[in-house]
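Novice: Please model the entire structure based on the sequences and the hints provided.
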Amino acid sequence: MPVADVKRDLPSNRMIFDARRDPAKYTNFAENFETLMEQYGLSEEERQAFWDIDIKRLGELGVHPYFLPQVSRLFHGGAYNHNNSPSAQAYGKSVVEGKGKTR
Amino acid sequence: MADIVFATGLSHAPGLTGWLDQAPEHEQKSLTEGFNRLGELLRASKPDVIVGIANDHVLNMPLDDLHDFCVGTAESWSGPAEWFRDWVNVEPYTVRGASAIARKLFEGLGARGFDTTSKSDLLFDDNWSVPLKYLTPDYDIPLVPIHMNCVVPPVPSPQHCYAFGLALKEIVETELPDGLRVAVMGTGGLSHDPGGPRYFDVDEAFDRWFLALLEQGDPERVLRECTMEKMVAAGDGGTSELIAWIAAMGAVGTRPAKTICYEPSVALRCGMGCVYWEMEKETANV
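As given, the protein sequences belong to chains A and B, one line each in that order. First residue of the first sequence? That's 1 in this note's numbering, and the numbers climb one at a time after it. First residue of the second sequence? That's 1001 in this note's numbering, and the numbers climb one at a time after it.
Treat the hints with care, as some may be off.
Pairwise CB distance ranges, derived in the manner of DEER restraints [stated by the list, open to error]: (1) B:1218 with A:23: 40 to 50 Å; (2) A:52 with B:1078: 34 to 44 Å; (3) B:1094 with A:18: 19 to 29 Å.
Straight-line distance between alpha carbons at most 20 Å, and here's what the computed EDC-like set of lysine to aspartate or glutamate pairs gives [unchecked claim]: (4) B:1119 with A:18; (5) A:93 with B:1201; (6) B:1230 with A:5; (7) B:1046 with B:1280; (8) B:1104 with B:1115; (9) A:7 with B:1065; (10) B:1119 with A:22; (11) B:1046 with B:1140; (12) A:101 with A:44; (13) A:7 with B:1064; (14) A:7 with A:60; (15) B:1169 with B:1003; (16) A:99 with B:1201.
Listed below are several chain B residues computed to face chain A (Cβ distance under 10 Å; list not exhaustive) [claimed, not checked]: (17) 1019; (18) 1151; (19) 1152; (20) 1193.
Simulated from the structure, these hints should not be mistaken for laboratory data. Heads up, the beta-carbon is just placed ideally off N, CA and C, and yes, glycines get one too.
Specialist: As structure tokens, this is what we get:
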């Protein structure tokens, strides 16, 4: 999933772009993302990847790579984001170890 | 004419403020002392304004409305944007902008053919929050932030970014008020791969090669050898932020960069370092 393969018009990319900018969207994201997915018109494949917190799959579907660790932070929080933090670990498990689903 | 009195290239990865205590002690010491030293040098040059150039991180320019560059024209800036606040671990701050200068830069760059937009409501993440914390801890030097597209194809080439820096220098020297002292700050890099498989990896060989290349003071060689492909190979999602340093280099000329510090910090998930160029001495080739 190199940067060159990003799908600019993918609904997930529009959703994540906005989610980081708007408290109404990033607050309690892990509980509220279902509503957002509906609002942005995500495909079934995209929705399944979010339900599974499958960061690797989101990359394969065309989510911008720069957004992928941010997806992990939207679910797991971004404070004190060292290599053993929950969000870095989830990213590592899904993408670096290649296990995909983290839920 | 106005003058560029200081120029720097530096990393801004959030670990430097967010989880530095997780890095080995020698890295903490080297980076803290190095970035503080860079701040001392910057402030000693007594700039009236800092013109910063950094990755937008796809935060303000959406994927379907991209520009190569975006000049921030507000009179005042606040950061970090709320969602990034606990991540960068930087207390909320306000720094003055310089809207008249920003508009001159925006108009001058557009007139010279650069794909430039402007915004007065930019959100700041680590791109400015980390450098400002070290370089201007009192937030007392006005900032003109120029966000750029470093990570969404098509990304402006190193050659184009260098030409951007040359144009910036020309505008500073011909269109900004006499006696104005300008510092240029290109920030991003060094090697890192946010969003890629090398998330927990750093390309130390690339980083040391790049820093040594800048120390030669030969922009043509930098442009010949530091290709986008080479940067992407050293970390697809982040290393290309070094085009912000190359833009700064365009405003510098043939001066050699001086490296203050470098650490291949796996704990911070980024090759971390900073360089500066001495601007108030004439170059050998001028």
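Novice: Indicate, hint by hint, whether the structure satisfies it.
Specialist: Hint check:
1. Between residue 1218 (chain B) and residue 23 (chain A) the CB atoms are about 48 Å apart, so this pair conforms to the stated range of 40 to 50 Å.
2. Residue 52 (chain A) and residue 1078 (chain B) have their C-beta atoms about 37 Å apart, which keeps the hinted 34 to 44 Å range intact.
3. Distance hint for residue 1094 (chain B) and residue 18 (chain A): a CB-CB separation of about 25 Å, consistent with the stated range 19 to 29 Å.
4. Restraint check for residue 1119 (chain B) and residue 18 (chain A): the C-alpha separation of about 17 Å stays at or below 20 Å, so the hint holds.
5. In summary, the hint linking residue 93 (chain A) to residue 1201 (chain B) is supported, as the alpha carbons are separated by about 15 Å, within the 20 Å threshold.
6. At most 20 Å may separate the alpha-carbon atoms for a hinted pair to count; residue 1230 (chain B) and residue 5 (chain A) meet this at roughly 18 Å.
7. Straight-line distance between C-alpha atoms of residue 1046 (chain B) and residue 1280 (chain B) comes to about 12 Å, which keeps the hinted pair within the 20 Å bound.
8. A threshold of 20 Å between alpha carbons decides the hint, and for residue 1104 (chain B) with residue 1115 (chain B) the separation of about 15 Å falls inside it, so the pair holds.
9. The hinted pair formed by residue 7 (chain A) and residue 1065 (chain B) meets the criterion: a straight-line CA distance of about 14 Å does not exceed 20 Å.
10. As the CA atoms of residue 1119 (chain B) and residue 22 (chain A) are separated by approximately 18 Å, the hinted pair is consistent with the 20 Å bound.
11. A C-alpha spacing of about 11 Å is found between residue 1046 (chain B) and residue 1140 (chain B), which places the hinted pair at or below 20 Å, so the restraint holds.
12. Straight-line distance between C-alpha atoms of residue 101 (chain A) and residue 44 (chain A) comes to about 16 Å, which keeps the hinted pair within the 20 Å bound.
13. Of the supplied pair hints, the one linking residue 7 (chain A) and residue 1064 (chain B) holds, its CA atoms being roughly 10 Å apart against a limit of 20 Å.
14. Proposed proximity of residue 7 (chain A) and residue 60 (chain A) is supported: the alpha carbons are some 10 Å apart, at most 20 Å.
15. Between residue 1169 (chain B) and residue 1003 (chain B), the direct Cα distance comes to roughly 8 Å. Compliance with the 20 Å bound is thereby established for this hinted pair.
16. For the hint linking residue 99 (chain A) to residue 1201 (chain B), the alpha-carbon distance of about 18 Å falls within 20 Å, and the restraint holds.
17. At about 4 Å, the closest approach between the beta carbon of residue 1019 (chain B) and any beta carbon in chain A falls short of 10 Å, and the interface hint on this residue holds.
18. With 10 Å as the threshold, the beta carbon of residue 1151 (chain B) comes within range of chain A, its nearest partner Cβ sitting at about 5 Å, so the hint holds.
19. Hint status for residue 1152 (chain B) relative to chain A: holds, with the closest Cβ pair at about 7 Å, below 10 Å.
20. With its C-beta approaching chain A no nearer than about 8 Å, residue 1193 (chain B) sits inside the 10 Å limit, and its interface hint holds.
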